[in-house]
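Each protein sequence line maps, in turn, to chains R and E.
The numbering of the first sequence is the numbering used here, which starts it at 617 and goes up by one.
The numbering of the second sequence is the numbering used here, which starts it at 6 and goes up by one.
Fair warning: there could be bad hints in the mix.
Derived Cβ-Cβ restraints for the label pairs, each shown as a range [claimed, not checked]:
#1 V620/R with L60/E: 30 to 40 Å
#2 R38/E with E811/R: 25 to 35 Å
#3 C914/R with D261/E: 56 to 66 Å
#4 A652/R with L60/E: 45 to 55 Å
#5 V206/E with S798/R: 34 to 44 Å
#6 P131/E with E697/R: 37 to 47 Å
#7 Q222/E with L698/R: 31 to 41 Å
#8 D675/R with H65/E: 57 to 67 Å
#9 E90/E with C914/R: 46 to 56 Å
#10 E832/R with D261/E: 29 to 39 Å
#11 P131/E with D828/R: 31 to 41 Å
The hints are simulated quantities; they were obtained by calculation from the structure and are not laboratory data.
Glycine included, every Cβ here is placed at the ideal spot set by N, Cα and C.
Residue strings, one per chain:
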Amino acid sequence: MNAVIREQAVQLDYRDWQASTRRKADRPALTPEEAARPFAKYYHEDIPAPDPAHLALMDQPCDPQLAIGPERMNDLLAPGELDVEIGWCNLANGAGFIANRMIYPDITPAMVDWWFAWHPLEDLRYRIWYPPQHGGIMVSPEGRRRLLDPLVPMHEKNWGVVHHVTENCNCGMENIDIHFVSPREFGFDMTRWREPHVSTFAGGFGWAVAVDRTDESITAPALMCHIFRRHPRGLEHRTRFWMGYRLSQGRPELTLPPGVAVPAPAVQGLARHNVCEFTRWGQFLPRIYQEFGGRMLC
Amino acid sequence: MPIKLMAASRRRPGLTRAEYQRYIEFYHGTIARQERLKIRSYVQNHVTDGAFGTLADETHRQVADRDAVVELQFDSFRDMLETLEPATPSAASQDGRFFADERHNVIVMAEEEDVAVAAPLPTFNPGLGIVRGVGALKVLHYIMRADEVYREDYYTLWRDAHDYALQRAPYAREQLRRCVMNRRCQANDNDAAARKHFKMVDPPVYDLVAAHWYDTQEHAGAFRQYEEALRSYPRPFADWSKSFYLYTRQVVIIRDTPGGPA
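Turn these sequences into a full structure, and let the hints guide you.
Okay, structure coming up:
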């Protein structure tokens with residue numbers, strides 16, 4: 617009989633996972649089991665600083681008139697650029713808007729699909745992505761079964777899977793339930809879903825609440841979109857967040873109470889975090905893919 | 006996108022069930038019609054019977070008393086907030102204390118998902134067959150998620166268990182006219198103001214309320230058969246001692262779409 621593989625042995629039930637997040641939020645030293653994992657070396661690497669000029673674009677809010685709401689997500693399938701490719705602001709309805717663009721010379725769509733399916737299987741896989749702010753990750757037993765199912769294509773593995781991440785987006789450690797969905801379920805026009813306009817996608821909707829939640833804590837929704845297309849200099853990654861929106865029956869819906877806006881520090885914090893974590897990602901994904909890419913078990 | 010608020014309450018001390026149900030139908034219901042705000046539909050489910058926990062429990066592990074469940078449906082989350090928290094407090098929001106034991110309310114903000122049934126029409130007298138999926142007995146099944154089960158798996162498991170149970174409950178399979186999953190929306194986590202308003206103390210959280218329609222009140226046995234089969238599903242997903250079901254009679258207070266589903 618096969619020994620229990622590490623990718624399954626780390627499974628916690630919901631109650632135990634919730635209890636564990638307080639400890640994960642402190643980003644403890646690696647356990648002996650984690651330190652022995654073949655990818656643990658990435659945890660100890662120096663983390664590259666983002667391009668200062670790029671990060672500076674997140675210093676001040678952009679013009680909300682130039683930003684788009686989620687009902688215009690299909691604009692991302694048009695050739696060329698949108699008015700805001702890097703920036704953040706509050707929209708007129710109070711929602712938070714974030715746009716970011718990265719260009720990766722050494723990343724392919726296959727690497728992206730593999731990464732988003734591979735990393736949720738263990739805390740350490742998530743922590744090596746951005747050690748300063750990533751505390752841990754968990755998926756449910758049914759989610760894990762899907763991720764490990766060899767019959768599910770790599771780019772579809774996350775569809776319907778919830779990543780329960782513990783992460784600091786510059787406003788304190790939060791537990792975020794990220795419900796990954798297919799591009800169709802996210803709301804994209806699939807008649808326009810083709811090369812060269814889009815190469816791959818990872819996204820869905822999330823609910824975030826402080827790890828140290830109290831009775832008064834707000835559980836905040838957001839839509840998350842990572843869409844990729846080929847670019848003369850490699851692969852172009854365009855991120856959009858719409859904070860304050862949830863996905864309801866395949867359509868975005870604003871869930872802010874009247875007169876309420878997503879706090880600007882939360883929008884800016886996530887924008888800056890996004891620049892930092894994907895700077896790191898662009899630097900280490902090609903290398904880790906070279907070692908482990910294409911398979912789920914290590 | 007439609008969202009609804011389901012509030013299960015019990016009568017305030019000193020009222021009989023009949024007095025309570027008369028009050029909510031004729032007083033509270035009338036106030037809601039007069040002061041509709043952005044309510045899309047409003048249905049009261051008057052409890053006729055029900056059961057809390059299981060026969061294996063030596064004593065109750067929950068408030069074992071519910072007299073009605075009201076369902077307020079809205080076109081959007083924003084409409085719901087504007088109705089429930091208007092700039093000037095509504096009369097309806099102040100009326101609850103006259104009939105309900107408010108601190109023991111159980112509130113679920115939910116989105117509906119219809120589950121297909123084998124026989125949405127009775128076979129013996131289906132009429133023109135235009136109206137399907139209605140019945141005079143509506144069962145509301147509040148199923149407490151087991152603490153160790155992830156919410157996303159819980160819904161998958163319930164759905165699987167539901168099919169499993171109907172396979173083993175032929176009377177229910179034949180008589181069930183409509184079934185709706187009411188899935189709790191995570192926005193419900195932000196109900197601190199409501200809890201404070203109602204002085205609710207650590208209210209239980211139900212991630213799912215399944216609604217079942219049968220032809221008449223006499224078909225309660227069909228649900229009973231189904232519920233026992235559901236609990237025999239081999240994979241754990243629910244805390245049955247904290248779950249309950251209510252047999253109810255539906256009273257429509259506001260609904261503008263005659264011919265629509267029940």
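The hints, checked one at a time:
1. V620/R with L60/E: 30 to 40 Å: This hint holds: roughly 37 Å between Cβ atoms.
2. R38/E with E811/R: 25 to 35 Å: violated (56 Å)
3. C914/R with D261/E: 56 to 66 Å: holds (58 Å)
4. A652/R with L60/E: 45 to 55 Å: holds (50 Å)
5. V206/E with S798/R: 34 to 44 Å: holds (42 Å)
6. P131/E with E697/R: 37 to 47 Å: violated (59 Å)
7. Q222/E with L698/R: 31 to 41 Å: Violated - the Cβ-Cβ distance for Q222/E and L698/R, about 59 Å, lies outside 31 to 41 Å.
8. D675/R with H65/E: 57 to 67 Å: holds (58 Å)
9. E90/E with C914/R: 46 to 56 Å: This hint holds: roughly 50 Å between Cβ atoms.
10. E832/R with D261/E: 29 to 39 Å: holds (37 Å)
11. P131/E with D828/R: 31 to 41 Å: Taking Cβ atoms as reference, P131/E and D828/R lie about 57 Å apart, which means the hint is violated.
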